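Participant: Combine both chains into one complex, guided by the hints.
Here is what each chain is made of, one letter per residue.
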Amino acid sequence: MGPRSNSSSLEACLRDVVGADQVLTRLEELFVYEADGLTHHSARPRAVVLPSTTEEVVRVVKACRKHEVPFVPRGAGTGLSGGALALADGVIIECARMNRILRVEPGDRFAVVQPGVVNADLSKAVLQHGLFYAPDPSSQQACTLGGNVAENSGGPHTLKYGTTTNHVLALELVLPDGNVVRLGSPTGWPAGYDLVGAVVGSEGTLGIVTEVTVRLAPIPERTETLLGIFPDVVSACRAVGAIIRSGLVPAAMEIVDRRTIEAVEASVYAAGLPTDAGAVLIMELDGPDVAVGVQAERTQALALAEGANEVQVARDEEERQRFWRARKGAFGAMGRLAPDLYVNDAVVPRRKLPEILEAVCAIGDRHGLRLSNVFHAGDGNLHPNISFDRRDADELARVQKAGAEILRLCVEAGGVISGEHGIGTEKRDYMGLVFSDDDLDAMKKLRAAFDPTLTCNPGKLFPTTRFCFEANPKARGYDQVPLE
Amino acid sequence: MSVLAALRRELGEDRVGSSPGLDGRVFPRSGEELATALRLLAAGEASAIVRGSGSWDALGHPMPRARILLETTGLLGEVEVDAEDGVAHLPAGALVFSLSEHVRKETGGAWELPFDPVSPSSTLGGCLATASPGFCFGHPRDVVLGLEIVLATGERVRCGGRVVKNVTGYDLAKLYLGSLGTLGVIEAAWIRLLPAPEKTGCWWVPAADPSLAVEPARLPSARAAAWLSAGLARELSKPGPGMLLELAGDAAAVAADAEHLVCQNGATASDPTGLGVVRGMRGGDPGGRVRVSARPSQLAESVAGLSRAGAEILAHPARGLFWAFSADEAVFAAAERAGEGFLVEAAPLAIRESRELFGENPELRPLQAAIKAQYDPAGILNPGRFAGRI
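Order-wise, the sequence lines are chains A and B. One gets my numbering by counting positions in the first sequence from 1 and adding 25 to each. One gets my numbering by counting positions in the second sequence from 1 and adding 1058 to each.
Next comes chain B alone, as it looks inside the complex (with noise of 0.2 Å):
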C-alpha cells in the first residue's frame, strides 16, 4: 500500500489532498494525528516537506526527495494563557496575529505576545521553526520556555516546561529552534509573555549610515529598530535613509528618550503603520534576501560593500544585523564575507541549487549531520533543506 493510501487510511479522507508538483498533501489536526501521519511516513520511507503557512517556502535548498507535503495549520490544540505567571501555552498552527490579539484580550492588555512575524498568515510553528529574527522581540530563543515536538519517528516528545527558569534536562528548545523542522515537526509551545508597554510611540530618525543608528537604538524603551536604505526608506515616504524607531514601555521612560532623539538626532514623529511595511520587507519571496550578522562596530563598512554592490539594505543597527535585498549572486557572495554569519532567505533556484545558503561553519558539518541522523534517521524531514544539504 501507498504512504498516501496509508495516511488516508489511518487519518481519514479529509486529512490527505494533493499538492501540485507533488504527490500529496497531509494535514493532520492534533499531535496524535502528526505522529500518526509520521510514523506512516517512516514506515513507507517517504519524505515531506515540513510547513506552516508557507511564509519561508524560499527558504533553504530545495528538496527534490520529498514527494509529501506535511501541513502544520490544523496543529491548533489547546490554548491557555496564565495571566498571573505571565506564559502562555500554544498550538503550531495557530496564527501569530491572531494569538497576539488573544493574549491581549485574556489578560486585560497587561501581557503581550513576544512575536512580530513576517506576514498576518505567519503561524507560531513556521516563527519557531525558522527563528526569524524579530524587529520587536529578538530571536525567539529567549522567550519559548518548552516545546511539544513529533520526532520523525512519531514520538510525541517535550523539552522544557511552563515555569520560566528550568535547568531540568537539555535545553533542547534550543536546538529545535531555527532547525526548519529537520529534526522534529513543532506541535505546541509554552511561551514566555512580557508586560505591554505603557506607552509607545514611532520616530524617523535620519542616519546617512547604520553605524549612526547604533546609538538611537540602544536606548533604554528603543523597542523597534529598522535603518533603511535610501531605497528602502522610499517606500515609506521618506527622503533618504534613516532609521524608523518605535520606543515602548514606561511613560517616562518613552517620553526622555524621545527627546534625546529630537534634540541628539534630529528625529521626527512617524506614522507607526511604517512598522507594518517593514515587517513585511523580511518576508515573502522578494526575488533575493541574505540575512548577515554583523558586529554594531561592522555595520557601516559591511553595508556600504553591499550597497556598492547593489543591494537595498535594511538593519536592526542594535541587533547585529542586517538584510541585503539582491538576486544576484556576486551580492550573496559579498555577503558571506560581510560579517560573522549569513543565510540567504530567499533567492532563485539556480541559486538555491548551486550554492551553500546557510554561513555556518563547515567544521561543524560532521556534528551537525550527527544530530540529524539521530533526530532523523531515514531523512524523512525537509530532506536537504538545511546547512550542509542535510
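Bound conformation, chain A alone (with noise of 0.2 Å):
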C-alpha cells in the first residue's frame, strides 16, 4: 500500500463533483472492491466512485488528476486476471450505476448502451426484434458490456461469432485527460485510425468508456446442440480437428473434462452426465432451418467415428440448457473443491490441443494440484482450472509455479498466454514469453499516446520493472507499484 497523503482532500472534492452518495470510503465499504474475479491478487482502493453519466466521470477523472491520484475503471468485477485493481492507491470508478440501454435501431442492427448494461439484459432486451448480441462470456448474467469492451471478451460462441471486437462499432471514451471523444460509426467503418479497434481489449488502460455502440445479429433460424460422450478428452479433441476440417464451422465446441464432470455432478447444477466419461463435448450449430440438420447429422458421425461413446442431440430447449449447464456451471461447481479458484487462460493453435492436454495434466499432478479442464475447444482456448487454498502459501506457490509452466507450454507450441481474460496484473510479467522487449514498446507507444502521464490503470499487463521503481518512485512507469 503506498501513501494516504492528501486523502481527505480529495475525497471531498470526489463528493463536491458527484455527491456523497455516490463515493464510498469506508473500510468495509472498500473491501468489496481490493479484489476482482482473481482473488489472490488484491490491493485496496482509496475510494471507489459510482458516477452516473459521462460528466460525471469527467468530473471524476479529472479530480483525481488534479491530486496526481491514478483512477481505474471497474464494471461487475468478474475480471480474472487483475485488471480492475486499484493500485498505486488508486481510485476505481465503478461503472454499475451507468447501466441504461440508450437505444436499439433494430432496422439498423445495433444498439448504443452505457457501460454498467449487463451482457445478458442487452440480448433479452432485443430479443423482440428477433436479435441478440453474439459474444456470451460465461459469467454473462453478471458482467458489464464496459468490462468486455475493456478486456475483449470472448465466450463460447466465439468459434463462429468472434470476440467482442468484431460486436463494437463506436464508443465514447473518456480520455485519461478528461476530454471526452467518440470513436467509430454505428457503421463500423472507420475513415481515420481504428481506435476503436485498438480500444477493445486494451484493459482499461486507454481511457474510460461511457457510451457503446454493439452490433446485433439475427436470431438464427434453428439451433441444435449435441453431447458427444468421450472415452478421454484426447479423443474428444481429435473429433474437434475432425469437425473443423470437414469444413464446418459450429456456433460452439466446448469440452468438460472428468474432474470437472464430477465436481459438477456433486452439485447443484448436475446435468446427468455419466460421471465415468472422460470427456464430453458440446457441439452446437446454428443457422438455417434447411441446413442445420444435415450439419448436426455431420458432426454427429464425425464425433462417433473419432470414439465418441454416444453423441446425444437436445430433443428440446430444456434438454439444450440441460448440455449446457454442465459447461457454465462448471465454475460455479469448482466452489465445493476448495476455497479458491485459479482459471488459467492460454491459447494454443487447435490441432496441438490432445497433446498440450496431456501435458498440462501431468504439470498439474506433477505439482499435487486439482487440475481439472474445461475450455473453448473449438478456439484452441484452455481454461486449466486449479483448485486450492490461498491461505495454504505452499500450495499458492505450487499453483503459481504450474501456472507459469502451463503458459510456458502453450508459448512454445505456438500459443499465447490469454485468450479473453486478458493479461492484467496476473500475466504482466509473462507478457515476455510472447513479445520482445521492442514488441512491447510499440504497444506502449499507443499507451503513451493516449495517456502520457499513465495515471489511467497504471501496474496492468506491462511486465513490471522493479529495479526502475525502486530506484525511483515517483517515476510514472509501467511498473508502477508492485503487486505485494
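It cannot be assumed that every hint is accurate.
[To be verified] So these bits of chain A aren't anywhere near chain B, every CB distance computed over 12 Å:
hint: 1; residue: A37
hint: 2; residue: H65
hint: 3; residue: L220
[What the hints assert, rightly or not] In the DSBU-like style, the derived pairs of lysine-lysine whose C-alpha atoms are separated by at most 30 Å in a straight line are:
hint: 4; chain 1: A; residue 1: K185; chain 2: B; residue 2: K1163
hint: 5; chain 1: A; residue 1: K185; chain 2: A; residue 2: K149
hint: 6; chain 1: A; residue 1: K91; chain 2: A; residue 2: K469
hint: 7; chain 1: A; residue 1: K469; chain 2: A; residue 2: K426
hint: 8; chain 1: B; residue 1: K1296; chain 2: B; residue 2: K1257
hint: 9; chain 1: A; residue 1: K185; chain 2: B; residue 2: K1257
In case anyone wonders, no lab produced these hints; they're calculated from the structure. The structure displayed is predicted, hence computed values, not measured ones. Ideal Cβ positions, reconstructed from N, Cα and C, are used throughout, including at glycine.
Facilitator: Dropping the structure here:
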C-alpha cells in the first residue's frame, strides 16, 4: 500500500463533484473492491466512485488528476486477471450505475448502451426484434459490456461469431486527460485510425468507456445442440479437429473433462452426465433451417468416427439447457472443491490440443494440485482450473509455478498467454514469453499517445521492472506498483 | 553521403533505382532489408511514399515532402498454410490472387483466403494497409490475427499471433490496418482462412433503389452483394438499377435462398463474371470516387441525393457502404453529409490538395496526431497523406 497523504481533500473533492452518496471510502465498503475474480491478487482502493453520467466520469477523472491519483474503470468485477485492481492507492470508477440501454435500432442492427449494462440483459432486451448480442462470456449474467470492451471478452460462441471486438462499432471514451471523444460510427467503417479496434481489449488503460455501440445479430433460424460422450479428453479434442477440417463452423465446441464432470454432477448444476466419461464435448450448430439438420448429422457421424461412445442430440430447449449447464455451471461447481479457484487462460493452435492437454494435466499432477479442464476447444482456448486454498502458502506457490509452466508450454506450441481474460496484473510479467522488448515498446507507444502520464489503470498489462521503480519511486512507470 | 547512396551501399545496387518525379526508389526483398532501409531513411530524415503495386496511389492527400518511393512488392518471405487450423502466414508483397490460389491448392480446396482485391496486381500488404472493404469478405480487421511490422525507426515488431483467439496485449493490428502505411510498413500477416463454400451461385435482383436490396443482401448465404445504379448496371448489360448477389455456402441453404430470391424479389440467374467487373470498379483511378458509410436505413435517401448530383452509385446494401463515382467537388461535399462517414478514395489533384479527404471526426485530430508522433516521430512514412494531413 502506498502513502495516504492528501486523502481527505481528494475525498472531499470527489464528494463535491458527484455527491456524497456516490463516493465510498469506509473500510468495510472498500473491502468489496479489493479484488476482482482473481482473488489472490488484491489491492485496496483509496476510494470508489459510482458515477451515473459521462459528465460525472469527466469530473472524477479531473479531480483525480488534480490530486495526482491514478484511477481505474471497473464494471461488475468478474474479470479474472486482476485488471480492475486499484494499484498505487488509486480510485476505482465503478460504472455499474451507468446501466441504461440508450437506443436500439433494429433495422440497422445496432444498439447504444451505457457501460454498466449486463451482457445478458442486452440480448433479452432485443429478443423482441429477433436479434441478439453474440459475445457471451460464461459470466454473462453478471459481467458488464464496459468490462467486455476492456477485456475483449469471448465466450463459448466466439468460434463462429468472434469476440467483442468483432461486435463493437463505436465508443464514447473519456480520455485520461478528461476530454471526451467519440470513436467509430454505427456502420463500423472507420476512416481515420481504427481507434475502436485499438481500445477494445486495452484493459481500461486508454480511457474510460462511457457509451458503447454494438452490432446485433439475427437470431439463427435453428439451433442444434449435441453432447458427445468420449472415453478421454484426447479423443474429444481429435473430434474437434475432424469437424473443423471437414469445413463445418459450429457456433460452439466446448470440452468438459472428467474431473469437472465429477464436480458438476456432485453440485446443484448436475446435468445427468455419466461420471465415468473421460470428457464430454458440447457441439452447437446454428443457421438456416435447411442446412443445420444436415450439419448436425455430419457432426454426429464425425464425433462417433473419432471415438465418441455416444452422441446425444438435444430434443428440446430444456435438454439443450441441461447440456449447457454442465459447461456454464462448471465454475460454480468448483466452489465445492476448495476455497479458491485459479482459472488459467491460454490458447494453442487447435491441432495441438490433444498433446497439450496431456501435458497440462501432467503439470498439475507433478505439483500435487487438483487441476481440471473446461474449455473452448474450437478456438484452442484452454482453461485449466486449479482448485486450491490461498491460505496455504505452499499450495499457492505451487499453483503459481504450475500456472507459469502451463503458459510456457502453450507459447512454445505456438500459442499465447491469454485468449479472453486479459493480462492484468496476473500475467504482466509473462508478456516477455510472447513478445520482445521492441514488440512491447510498440504497445507502449499507443499507451503514451492516449495517456502520457500513465494515470489510467497503471500497473497492468506491461511487465514490471522493479529496479526502475525502486530507483525512482515517483516515476510514473509501467511498473508503477509492485503487487504485494 | 546521401540517403540513396547509403541505401545502395547497405542493400546493394539492385535494390535502389530511379522513379519519375522523385529522387529514387528502394526495393527491399526481406524484412531485414526493409528494416535497414527504414533505419537509413530515418537517419537521413528522408520521407518515403510506401507502396505495394500502386492500386491505391490515388488515395489520400498528396505528399510533396516524400522524395523516395519505398516499394514492398519484394517482401515475399515465408508462406505457411496450416490446413488443420485454417490459418496462414503470408508475406505482404505477394499478390492476393496468387496467394488465394496457393491457399486453395494447399488445403485441397477446403479453405479460402478471405480477400477480394480491387485488381489482379493488388498485394496483400496493400489490402491490409488500405483496409479496403471487399464485396465478399468485408473488413480485413475480422480476419487478421497477427501482423509483422517494421516501424519507422527500423524496429521489426509483432502483434497478435497465429491463434484465432487472442487478447495478449494491445490489438495493434487493428491500429495498423487501414493506416495507409503511416505508422509502419507491414511485412507479413497471420490470416484466418474461411471454409470454402460447398456451392456458389450468382443472381441479378432488380431493385429501383438500394434500400430494396437490403433484405435480399441479408439472406444467410448472401456473400457478395453489389447494388448498381442504372449507369453502372449498363456495364454489366443489365437494363436498370439492381443488385448482383452471390450466394455461397451450404448447398441446401443456397438453394433455399435462391428460391426466395426468385419468388420474392424477381431475381434471375446471372453470369458470375459480373462480380469481377464490380470488383474492378472499386479500384483504380476513375477520376473521382468517394466511399460513404451509411446505415441501411439511410441508404435510399443518401443514394438518391448523390444520384441527383450526377454521381453513379455502387452500394453494398447490408454492409452500410456505398461508393459515389464523380470528380465533382459538389458530390464530395454532398457525400460528406450523406451518411455516418466518408473517404474520398480518388479525386483530381486540386481536390486532393485542397479538401479533407477522410471523414474522420475533427475532435480526434490531436489523438490521431499523437499516435502518428509516437510511431513515426520524424514523419518518414507517407507524410501528409492521412486524415488531417498527418
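Participant: Could you run down the list of hints and mark each one as holding or not?
Facilitator: Hints, one by one, checked against the model:
1. A37: Per Cβ check, A37 (chain A) is outside 12 Å of chain B; nearest 32 Å; holds.
2. H65: Non-interface label stands for H65 (chain A): nearest chain B Cβ at 21 Å, farther than 12 Å.
3. L220: violated (7 Å)
4. A:K185 x B:K1163: At roughly 24 Å apart (the allowed maximum being 30 Å), K1163 (chain B) and K185 (chain A) satisfy the hint.
5. A:K185 x A:K149: Given pair K185 (chain A), K149 (chain A) holds - Cα atoms ~21 Å apart, limit 30 Å.
6. A:K91 x A:K469: holds (24 Å)
7. A:K469 x A:K426: This hinted pair holds, its Cα atoms lying about 28 Å apart.
8. B:K1296 x B:K1257: holds (24 Å)
9. A:K185 x B:K1257: holds (19 Å)
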